[in-house]
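Peer 1: Residues per chain are reported as follows:
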Amino acid sequence: MNGPQDMGGLQGFGPVVPEPNEPVFHADWEKKAMALTVAMGFTGTWNIDRSRYERETLGPVNYLTWSYYKIWFSALENLIKDHGLANGEEIAGGKSIAPAVPTKRVLKAEDTAGALAKGGPVVRDKAGAPAFKPGDDVCARNLHPTGHTRLPRYLRSRRGVIHKARSAHVYPDTNARGEGENPQWLYSVRFKATELWGEGANPNDHVHVDCWEPYLERI
Amino acid sequence: MNGPQDMGGLQGFGPVVPEPNEPVFHADWEKKAMALTVAMGFTGTWNIDRSRYERETLGPVNYLTWSYYKIWFSALENLIKDHGLANGEEIAGGKSIAPAVPTKRVLKAEDTAGALAKGGPVVRDKAGAPAFKPGDDVCARNLHPTGHTRLPRYLRSRRGVIHKARSAHVYPDTNARGEGENPQWLYSVRFKATELWGEGANPNDHVHVDCWEPYLERI
Amino acid sequence: MAHDHDHDHDHSELPEMDLRVRALESLLVEKGYVDPKALDIIIDTYENKVGPQNGAHVVAKAWSDPGFKKWLLEDGSEAILSLGYSGRQGEHMEVVENTDEVHNMVVCTLCSCYPWSVLGLPPVWYKSAPYRSRAVIDPRGVLSEFGVTVADDKEVRVWDSTAEMRYLVLPQRPAGTEGWSEEQLAALVTRDSMIGTGLALSPGEVAS
Amino acid sequence: MAHDHDHDHDHSELPEMDLRVRALESLLVEKGYVDPKALDIIIDTYENKVGPQNGAHVVAKAWSDPGFKKWLLEDGSEAILSLGYSGRQGEHMEVVENTDEVHNMVVCTLCSCYPWSVLGLPPVWYKSAPYRSRAVIDPRGVLSEFGVTVADDKEVRVWDSTAEMRYLVLPQRPAGTEGWSEEQLAALVTRDSMIGTGLALSPGEVAS
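Chains as they are written, first to last, in my numbering: chain A, 1 to 219; chain B, 1 to 219; chain C, 1 to 208; chain D, 1 to 208.
No lab work stands behind these hints: they were computed from the structure.
By construction, the Cβ of each residue, glycine as well, lies at the ideal position given by its N, Cα and C atoms.
Do not take every clue at face value.
Said to hold, decoys possible - Per label pair, the in silico range of CB-to-CB distance: (1) L201/D / G178/A: 54 to 60 Å; (2) L73/C / R159/B: 56 to 62 Å; (3) V24/A / V17/B: 52 to 58 Å.
Claimed, not checked - Here are the simulated DSSO-like pairs of lysine-lysine, each with C-alpha atoms no more than 30 Å apart in a straight line: (4) K95/B / K133/B; (5) K154/D / K118/A; (6) K61/C / K49/C; (7) K95/B / K126/B; (8) K118/B / K70/C; (9) K192/B / K70/C; (10) K61/C / K118/B; (11) K108/B / K154/C; (12) K154/C / K118/B; (13) K127/C / K49/C; (14) K49/C / K118/B; (15) K81/A / K31/D; (16) K133/A / K49/D; (17) K49/D / K154/D; (18) K49/D / K61/D; (19) K81/B / K126/B; (20) K31/C / K61/C; (21) K31/C / K192/B; (22) K126/B / K61/C; (23) K81/B / K31/C; (24) K164/A / K31/D.
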């Protein structure tokens, strides 16, 4: 989706403003919003790509005005509703009305350190061979899906060179829709800044972006 | 500027919602905001391209959340300040403190109907011949200026065909910066929807966009 | 999946804007930059005089008079001026004709450019993010929300008003209007049919 | 010309979010979907245990041990795991080395991807629109705001974290640190130097 999350290359947001001695969290609710997001993710009811899509579809103005943890938390509420784990009345009131729905897993305290240390690897086995090898010239396809994608708009129809061929990774475009992990070969693609941004860019500069094979075509 | 005004091709804003029996204005302040914008434009202190740039730089969130007349009016206040016609204190208080600055023109009641009927034509004489003629294949240049431009982002590096060669028109990119009208040949360029949006678009559909010659290159 | 759309205007703008606009008007009048009577004329012009009825007149005349139609399509500005419509945001007009092969639709993705001289001031939806963003990437989706279906094998041609050219769509003349007067025909010409988000009304859709 | 920037967060989020988060936590605990003690462990992990000190350890070891550095650049995930750092948002690591020819800088234009296992949770600016929008189109402008100047003839290489690959910048080892211990070296390695928006500190910049 050419949505508010697709920020690469936009202008007009002003300077980057780091906060001196920034704390890890700015309020207690941020800690809980983070922890609830992580813990609910471990229930296996949805995947990370679906979570990202939920955050992208909160509305452009909300996306631009809410803090990142408010985005995370609002998306979490919606994920819980969308997947039937609780209804809006329960979420508003903070009290269970309907019976709980079984989830694949529940993250128990004793398993938490191990689960965090393990994470959620996305490399998968895949038969066959990748279409591209390092040094190949490629072009990012001109795709404008209405759903989730990780091909940023600033790359569409831009030419680059395969920098590294990686493993097969879970494919976000289908995974976000619940249509399966559908692993695809992943590549680090090297794009000249002048190809992306025109003659005003520094000819020495490059942007390296990880692209799944369906995002690319041979040129 | 790849700013909030450059909306073509964005997704996620939801449906178009027409208002049944929409009035011309929704409040008295909208009438005055429109009329003040028009009347102050006639003073000749700034041009329409500068006005547009001022609206584009009110901040992305403001641009997306304010009504269009609030955008116009807020830009008008800024134009008045930027050009020294009044200061912030005067604008906030609605009372003159510093002496008025002479303007090129003032729109008098008796001249208003005539001025509105005349408008502000932008066709200019230009020596030489246009570089392109109808039927020529062209490509929109990959320009990302930080200032005002009327080349939308969705056209950058896209190929089209010259549909019509028009007259020389005032060039917004320089005019907005106060660097002169710098007239340039204007063309109606025909772009295939599939060129702009990929294979998902209807192969019969096209977008026609007016492009000044410096926005185009021959292919 | 998208739960809340947030693009509606802030309807609490009124008190703040009322104050700010009054303040600026007082200031600019006091400074002598604007003539308050000129403001009244500008408002009256766009609230009461210039509007889609101008465009409807142009369209009805083109439907009735093949010579005028030819002129209108060749030189929109001059032909429209001959009916007395001219001026701001209509200085350079191009009239684009809907046919059996092409459906035209007008947008300004970069701001709110609109042919004031023939249609008046634009409606809020025309200036809104949903219309400006989608008209170029999803014109058929937008049209369907307006109740307009264009056959897949017919071209949808979108005009993005990036320069000072302003576009008026000449809708197709509805069937069953043979022998109608210009005035009768004008009643069939809606604003949206001249933006391209609508079609002209059929005789059955107007009270006769 | 731009008078107001409006990208600051709404600092009035607190009371509303406090209520909403408490309500959801109660509900999810009552339903048995989350174990409150697990939440405490998650928070303690990212507030107190995982942070830029992990990455600084990795960098200092690479500066001190050529064999480790080689391994780190060839297989970041495994080399980092050997120091005990792994897990969520660090499953697939690539370490990119700053040299005299290349300055690396990491961004996630599409969300907030960041190598949690070695740097902890990202700072607000990393997730902000100004950084995400400009890092790819104006990296040198961003760097200059961070006080980093890269010579025009040196490559700035931006890594946009669009997949689950996570990037750690291996900054250049500062001059004048010959014979320093890993612990001494680690004190020179700032978070920003591992994102690429900073350089490692020079010996004179740390209290010795």
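Peer 1: So, for every hint listed, does it hold in this structure?
Peer 2: Consistency of the hints with the structure:
1. L201/D / G178/A: 54 to 60 Å: The hinted range 54 to 60 Å is violated for L201/D and G178/A, with Cβ atoms some 47 Å apart.
2. L73/C / R159/B: 56 to 62 Å: With a Cβ separation near 27 Å, L73/C and R159/B fall outside 56 to 62 Å, so the hint is violated.
3. V24/A / V17/B: 52 to 58 Å: violated, 42 Å
4. K95/B / K133/B: violated, 55 Å
5. K154/D / K118/A: violated, 38 Å
6. K61/C / K49/C: holds, 19 Å
7. K95/B / K126/B: This hinted pair is violated, its Cα atoms lying about 45 Å apart.
8. K118/B / K70/C: holds, 24 Å
9. K192/B / K70/C: Answer holds: K192/B to K70/C is near 27 Å, not above 30 Å.
10. K61/C / K118/B: Holds, at roughly 23 Å.
11. K108/B / K154/C: Since the Cα atoms of K108/B and K154/C sit roughly 50 Å apart, the hinted pair is violated (cutoff 30 Å).
12. K154/C / K118/B: It is violated: about 38 Å lies between the C-alpha atoms, which goes past 30 Å.
13. K127/C / K49/C: holds, 21 Å
14. K49/C / K118/B: holds, 16 Å
15. K81/A / K31/D: Given pair K81/A, K31/D holds - Cα atoms ~14 Å apart, limit 30 Å.
16. K133/A / K49/D: Outside the cut-off at roughly 39 Å; violated.
17. K49/D / K154/D: Cα-Cα ~36 Å, so violated.
18. K49/D / K61/D: holds, 19 Å
19. K81/B / K126/B: violated, 34 Å
20. K31/C / K61/C: Status violated; Cα separation ~46 Å.
21. K31/C / K192/B: Violated: K31/C and K192/B sit about 52 Å apart, past 30 Å.
22. K126/B / K61/C: violated, 35 Å
23. K81/B / K31/C: holds, 14 Å
24. K164/A / K31/D: violated, 46 Å
Checked against the numbered hints given earlier, this structure breaks hints 1, 2, 3, 4, 5, 7, 11, 12, 16, 17, 19, 20, 21, 22, 24; the rest are met.
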